[in-house]
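The listed protein sequences correspond, in order, to chains A and B. Take 1 as the starting number for the first sequence in full-length UniProt numbering and just add one per residue. Take 1 as the starting number for the second sequence in full-length UniProt numbering and just add one per residue.
None of these hints come from the bench; they were simulated from the model. Keep in mind the model is a prediction, meaning the values are calculated, not measured. Cβ atoms here follow ideal geometry from the backbone N, Cα and C, with glycine treated the same way. Please note that the accuracy of each hint is not assured.
Claimed, not checked - Over the 10 Å line for every Cβ pair with chain A, so calculated as not near, a few chain B residues:
| hint | residue |
| --- | --- |
| 1 | D11 |
| 2 | V97 |
| 3 | L182 |
| 4 | G189 |
| 5 | V202 |
| 6 | K233 |
Unchecked claim - Using 30 Å as the maximum straight-line C-alpha spacing, the simulated DSS-like pairs for lysine-lysine come out as follows:
| hint | chain 1 | residue 1 | chain 2 | residue 2 |
| --- | --- | --- | --- | --- |
| 7 | B | K215 | B | K68 |
| 8 | A | K41 | B | K19 |
| 9 | A | K175 | B | K115 |
| 10 | A | K97 | B | K19 |
| 11 | A | K232 | B | K83 |
| 12 | A | K186 | B | K19 |
| 13 | B | K68 | A | K232 |
| 14 | A | K97 | B | K126 |
| 15 | A | K175 | B | K126 |
| 16 | B | K83 | A | K41 |
| 17 | B | K110 | A | K41 |
| 18 | A | K175 | B | K19 |
So you can see what is in the structure, the chains are spelled out below.
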Amino acid sequence: MDLQEYFSLVFSDYTLRTITLGTAILGAVTGMLGSFAVLRKQSLLGDAISHAALPGIAIAFLITGAKDSNTLLLGALVSGLLGTFWIRGIITKTHLKSDTALGLILSLFFGFGMLLLTFIQKQPNANQAGLDKYLFGQAATLVESDVWLMAIVTGLCLFVLLLFWKEFKILLFDKDYAKTLGFNTKTIDILITSFIVLAIVLGLQTVGVVLMSAMLLAPAAAARQWTNSLSKMVFLAAVFGAFSGVFGTAISSSQNNLSTGPVIVLVASVFVIFSFIFSPSRGLLFRQIRFIANRRDLEQQKTLAFMYHIAETHDNISHPHTIKILNNFQGFTRKTLQKLVDKEYVVLDGTMWSLTQKGFDKASNLYNQQAKEDE
Amino acid sequence: MKQKIAVKVDDLTVAYNYKPVLWDIDLEIPEGVLMAIVGPNGAGKSTLIKAILGILKPIAGSVSIYEKPYEKQRSLVAYVPQKGSVDWDFPTTALDVVMMGTYGSLGWIKRPGQKEKKAALEALEKVGMLPFKSRQISQLSGGQQQRIFLARALVQDASIYFMDEPFQGVDATTEIAIINILKELRKAGKTVIVVHHDLQTVPEYFDWVTFLNVKKIATGPVKDIFNDDNLTKTYGINYKVSIQE
Numbered sequence: 001m002d003l004q005e006y007f008s009l010v011f012s013d014y015t016l017r018t019i020t021l022g023t024a025i026l027g028a029v030t031g032m033l034g035s036f037a038v039l040r041k042q043s044l045l046g047d048a049i050s051h052a053a054l055p056g057i058a059i060a061f062l063i064t065g066a067k068d069s070n071t072l073l074l075g076a077l078v079s080g081l082l083g084t085f086w087i088r089g090i091i092t093k094t095h096l097k098s099d100t101a102l103g104l105i106l107s108l109f110f111g112f113g114m115l116l117l118t119f120i121q122k123q124p125n126a127n128q129a130g131l132d133k134y135l136f137g138q139a140a141t142l143v144e145s146d147v148w149l150m151a152i153v154t155g156l157c158l159f160v161l162l163l164f165w166k167e168f169k170i171l172l173f174d175k176d177y178a179k180t181l182g183f184n185t186k187t188i189d190i191l192i193t194s195f196i197v198l199a200i201v202l203g204l205q206t207v208g209v210v211l212m213s214a215m216l217l218a219p220a221a222a223a224r225q226w227t228n229s230l231s232k233m234v235f236l237a238a239v240f241g242a243f244s245g246v247f248g249t250a251i252s253s254s255q256n257n258l259s260t261g262p263v264i265v266l267v268a269s270v271f272v273i274f275s276f277i278f279s280p281s282r283g284l285l286f287r288q289i290r291f292i293a294n295r296r297d298l299e300q301q302k303t304l305a306f307m308y309h310i311a312e313t314h315d316n317i318s319h320p321h322t323i324k325i326l327n328n329f330q331g332f333t334r335k336t337l338q339k340l341v342d343k344e345y346v347v348l349d350g351t352m353w354s355l356t357q358k359g360f361d362k363a364s365n366l367y368n369q370q371a372k373e374d375e
Numbered sequence: 001m002k003q004k005i006a007v008k009v010d011d012l013t014v015a016y017n018y019k020p021v022l023w024d025i026d027l028e029i030p031e032g033v034l035m036a037i038v039g040p041n042g043a044g045k046s047t048l049i050k051a052i053l054g055i056l057k058p059i060a061g062s063v064s065i066y067e068k069p070y071e072k073q074r075s076l077v078a079y080v081p082q083k084g085s086v087d088w089d090f091p092t093t094a095l096d097v098v099m100m101g102t103y104g105s106l107g108w109i110k111r112p113g114q115k116e117k118k119a120a121l122e123a124l125e126k127v128g129m130l131p132f133k134s135r136q137i138s139q140l141s142g143g144q145q146q147r148i149f150l151a152r153a154l155v156q157d158a159s160i161y162f163m164d165e166p167f168q169g170v171d172a173t174t175e176i177a178i179i180n181i182l183k184e185l186r187k188a189g190k191t192v193i194v195v196h197h198d199l200q201t202v203p204e205y206f207d208w209v210t211f212l213n214v215k216k217i218a219t220g221p222v223k224d225i226f227n228d229d230n231l232t233k234t235y236g237i238n239y240k241v242s243i244q245e
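Chain A extracted, bound-state conformation:
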């Protein structure tokens, strides 16, 4: 199947439609919530939570003996939340910094989860096969009820987000100040974190424990490059996330046996790389172009200012001088001189140059203008 075939089948084929819809919704909700994680500088929290969810999946299986995805995700949710509160506890109760706390909980829970997985695999129960799909995810196992669950959680998340938008924003920007205004910052904090945990758990089946944090971070990091408004950033992150889901699914199903989760994450990374380079205000490319343009402008202005100081000493400002005296001036090149001629600030006559009235006025205003712009 090639890409074209995929897009013609996506609306009619049940499996394709389910998977595509599922990954799109998942991308949207993780992108949305990821914006908050990124702005709170809690990027690693997602990684810790998703790894912390693994033992929950294993224990849920051990208790029920069945591979019902909702039961397993419930287990993941419980152990993910447990990990999150332990992280918070470590940070507030000990001298350890947050990166240490995250690292500790991540490896502790993941290690325990792996232990349980190998234990389960040794069991004679035939049902156990395939539990390790939660490590890297398997989008093909998505069924309609999974997608419904995702849609409901996303809807709920959107509702809460819109309802408490103002509270979320002030908590993200200035927590202490929010406290003095009388907001219970702990409640808002727990609300955001719970939704992040929920979104991560929902994605485990599709993307897996190991790569889940990328779904949270990549769309948000890309979106931040394009806007300076929080609402637009959250919206863009949701769009990027959804497109990563759709394109990732399209590519993986058109190329045989490519695992969906990693492809989705790679597509999201392409969004990030593109945004880092090509964003007009924050991107590397335009920043470099602006830098070069600014430097060229400054070189011209410096040369003009130098000429001005020479011309100043004469009664006639357009008194001709030899180009040679400019050669000792740092930053002077033939090119800058030509640029100044193009702008009619300077007139050339053989090896002599002279300032025009326009150039003189421009030069005498240079410092004033600079001061004005700085204000």
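Keeping the supplied structure of chain A fixed, place chain B upon it in accordance with the hints.
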């Protein structure tokens, strides 16, 4: 002198882990003063403000605002945090930050409307930042960011203002602009409490001062207690400032 007490602090003690940062602070701040809190680094100046505002939980002690517990009087109090306490690359504009000053009176869920926007614009005007209202906050200079924080507190239209080093890292022009606003607040009968570092400017800017170094050393009118004796007690070295009359 029969002045109302705006802020009263009783037996306030704060500790990070085992080390006491503030020890048994008793403090009465009369209404309508412009007060500096001075003391060396680590004296607990910011901590005192944060403990009064409930950002930090004290081990012991209580705070009352106009004779009622602080929790019931939040609407009377505004706070200007240290500029460095937030990430200025946050995706928002100057106007939006100032609007946050209205969130407290709005309460949960309710969104700011036209009335709140008007108040925010007026506050921006007062601090001379109206032309920058749509500017992304990371594009503002340090002094401008400080003014935005000040405007955000002004929007709260409080009776008591707590400011944590509002002059830190601002140029002379901004410093004068800020102190003029503070003096205007005092003229309007407000109480302003400022964590301050520059001892030279204390007599010029403030009429009330508190010396702090874990314990409270002294508090009172600048003209009575701002002297070498108290400075030496607070800073632990022989401190001499020439106080201009």
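Now the hints, each set against the structure:
no., hint, result
1, D11, "holds, 22 Å"
2, V97, "violated, 7 Å"
3, L182, "holds, 19 Å"
4, G189, "holds, 21 Å"
5, V202, "holds, 26 Å"
6, K233, "holds, 31 Å"
7, K215/B / K68/B, "holds, 24 Å"
8, K41/A / K19/B, "holds, 29 Å"
9, K175/A / K115/B, "holds, 24 Å"
10, K97/A / K19/B, "holds, 19 Å"
11, K232/A / K83/B, "holds, 25 Å"
12, K186/A / K19/B, "holds, 25 Å"
13, K68/B / K232/A, "violated, 43 Å"
14, K97/A / K126/B, "violated, 41 Å"
15, K175/A / K126/B, "holds, 25 Å"
16, K83/B / K41/A, "holds, 18 Å"
17, K110/B / K41/A, "holds, 27 Å"
18, K175/A / K19/B, "holds, 25 Å"
In summary, the numbered hints that this structure violates are 2, 13 and 14.
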